[in-house]
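Protein chains: 2
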Amino acid sequence: MLKAAICTIGDEILIGQVLDTNSREISKSLNEIGVKTETMVSVGDDCGKIVQSLETLLESHDIVLVTGGLGPTRDDMTKKALAKISGASRWRTDREQERLIISMLDRRGIAHTPDNLAQALVPDSCEVILNRRGMAPITVYRLSGGRFTGNHVLYSLPGVPHEAVGALPDIMDDIRRHFSLSDIYHRTLVTFGIPESIMSDMLSGWESSLPEDMKLAYLPDQAIGLRLRLSIYGGRHDEEERRIRREFGKLEPIIGDAAYGWENDTLESVIGNMLKEAGMTVSAAESCTGGRISELMTSIAGCSDYYLGSVTSYANSVKTGVLGVRKETIDRFGAVSEECVREMAEGIKRITGSDFSVATSGIAGPGGGTDEKPVGTVWIGIASPDRTIARKLMFYGDRKRNIVNFASNALNLLRLETARFLKVSHILSID
Amino acid sequence: MLKAAICTIGDEILIGQVLDTNSREISKSLNEIGVKTETMVSVGDDCGKIVQSLETLLESHDIVLVTGGLGPTRDDMTKKALAKISGASRWRTDREQERLIISMLDRRGIAHTPDNLAQALVPDSCEVILNRRGMAPITVYRLSGGRFTGNHVLYSLPGVPHEAVGALPDIMDDIRRHFSLSDIYHRTLVTFGIPESIMSDMLSGWESSLPEDMKLAYLPDQAIGLRLRLSIYGGRHDEEERRIRREFGKLEPIIGDAAYGWENDTLESVIGNMLKEAGMTVSAAESCTGGRISELMTSIAGCSDYYLGSVTSYANSVKTGVLGVRKETIDRFGAVSEECVREMAEGIKRITGSDFSVATSGIAGPGGGTDEKPVGTVWIGIASPDRTIARKLMFYGDRKRNIVNFASNALNLLRLETARFLKVSHILSID
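Protein chains in written order, with this note's numbering: chain R, 1 to 431; chain P, 1 to 431.
If you are wondering where the hints come from, they were derived from the structure by calculation, not from laboratory data.
Be aware that one or more of the hints could be misleading.
No copy labels: a pair is met if it fits in one copy or bridges any two.
Stated by the list, open to error - Calculated cross-link-like contacts (lysine-lysine; reagent style BS3-like; alpha-carbon spacing at most 30 Å):
#1 Lys-36 / Lys-84
#2 Lys-327 / Lys-3
#3 Lys-84 / Lys-215
#4 Lys-423 / Lys-250
#5 Lys-327 / Lys-392
#6 Lys-49 / Lys-36
#7 Lys-423 / Lys-392
#8 Lys-373 / Lys-327
#9 Lys-400 / Lys-373
#10 Lys-215 / Lys-49
#11 Lys-373 / Lys-215
#12 Lys-215 / Lys-80
#13 Lys-80 / Lys-28
#14 Lys-250 / Lys-3
#15 Lys-276 / Lys-327
#16 Lys-276 / Lys-373
#17 Lys-28 / Lys-250
#18 Lys-3 / Lys-80
Please take these sequences and the hints and turn them into a complete structure.
As structure tokens, then:
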């Protein structure tokens, strides 16, 4: 298997000012075409260090991808280091990238400064992949012979995240062309509600009976749930797809409706798809989740087709005044109670006219807990066209983690109730 | 200056499934106590590779911090690698961590399995820092003599982000004690509304007149704003504090009310403090921001003192039915208009009975843009006890970036209006 290394350059990463997201996006793309990222390194803005790190990485990896941090100054330093490593003899202007730079400057009404135009200058030792999203071109150095045993390729990407990510399809194509790669096939099943440790016990029999060429990975995420990924390297695409589906199908009797989606599905996207298909709508009444459920629902482009809106009723006066929760309910049972969360769910459904609704009331902490209702307690209510249900759950995190858990579990309950009412089959039984 | 390296372990990082946020948090903490992170590396789940990487890092760094990915299986492998590097002869149970594990399991009603209890097992070559947030202890290896020239310290942190971050104060204390570090003094001024490139032009004169031992850093953040940090290494604490305040004070005539806080202040925390002090309240009416403003306001513990709640009026029927926006207003001017956002702000203020309110209506994209109102357009309305104002702003990002920018700029306008009404002085003039 081809081995790759990713090197990010920039003092701002090393002092913790900037979170490096490029490495993750690059490794994801490499993984998808069957190239294994063996190493990720971040080094500072020091030409000597950059040269040394890249040369060390080139010794033990077939492919090295370097991203240049942010800003023209940074890119310059990386370019000089790359010229040195690749034994460039002079600089040339890449005319196509120069044309792109000029048209970009003209479009934004910015003057043609030497600094801007110099971005089209590249060492004569590289090939260029055009950067259509920014000014600095992607440069490719094919290194073999001399100090290098075997073929090595070094790609230099811009540091600006959307430019780096935008360049990845072209770079993956180049890698595929340059090294004739064997196929890889992945499929990811998304589940919610079963913790990783319990899931791995539940699946131990199934996992040990998997064909030898199939690999299972657990990908836990607090908000999305636990994803299970099966991978096969090599082989024919359509056949592998069938084989992997067959193995996942065997999970139906084991995990049932905990499985809710494939690949990049999320609770909010799956709920959205069911509602859109049915032409139905949803709303939310949030107390302890403070707006997070609404923010998740509206993170999906096109959500206005089924999401009507929400009320965050942080104060009890808003629970009674806007949502119509009865004052006696709060006085008698408290705001964190089955009775209150049911009235919240029914109230928001009534005032927005939605078909479904979700409501939360709980204690995120750090204050507000009692012996009877400790921090981490949440009541979730779901109103469907035919019934209203409520569930109590307990979590043990800090305020932030509790809010995330409250919201995701509320969405999961909404997903289950929506699927029940709409008679949507378990995804494992229909796939 | 002491040199540190950070090593994250985990296949899930190398295949791009998990974004490594621990390295950033660790390097931030190191930077604050004056330790320079020279290298960050990610390696896979392979004991031989872990040992080799850590030994290489230890050769050229005084301090190496390793975080172990996620899950008990992972932590075990790291532990074995560390035992090998440190020449451990046997394993021992750390009784204090064991007690913590047992009380954690009991509190959650989980059985005491050998897997859980084994997390308290550590090599006899290490010291233990208790992990109060999870089961795996933080282990410290002090390495000197033999293969090591000089003193090196290796810290092993849990991979779970909140456990790793939670352990940092104890680890920084340990580093400070172990290597008598010279003092470092930082002070960070938080600003909003002036982009970094314009700010650096505005401050160039001030920056070049700073005393030689004072260093300025720009820390931009889309949601919080642009933070300016001044640092002094060495010297006496109280005197440095006075000197840095004096320099920051000179910024008052230059950036005025763009400066809004110190250190970890955020727009939502500063607004909360002003309202709490004044005994006043606020509410929100959100359209395009979909709940984000409400989520930010309720991220502050104790917000129930001043935050009453919000309505996310995604559908126009909720704008008219719940918030009381007039149908004619939407028909005539559209939902993304000055008129609509004013009525939204006044509506939520009326139905919640709050003193202030903030409202947003805009086009986050990708759909819904027109020539007249392109994607990225937002109207922000603020209702105060004495007046209602509205502002139009334009952004050029994708859906996610637009929503973040809309919400932060709405909070900034709310901050300015709250300070105006309450006659709160600019923070630079009172500090």
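Hint numbers not upheld by this structure, sorted from lowest to highest: 2, 11 and 14
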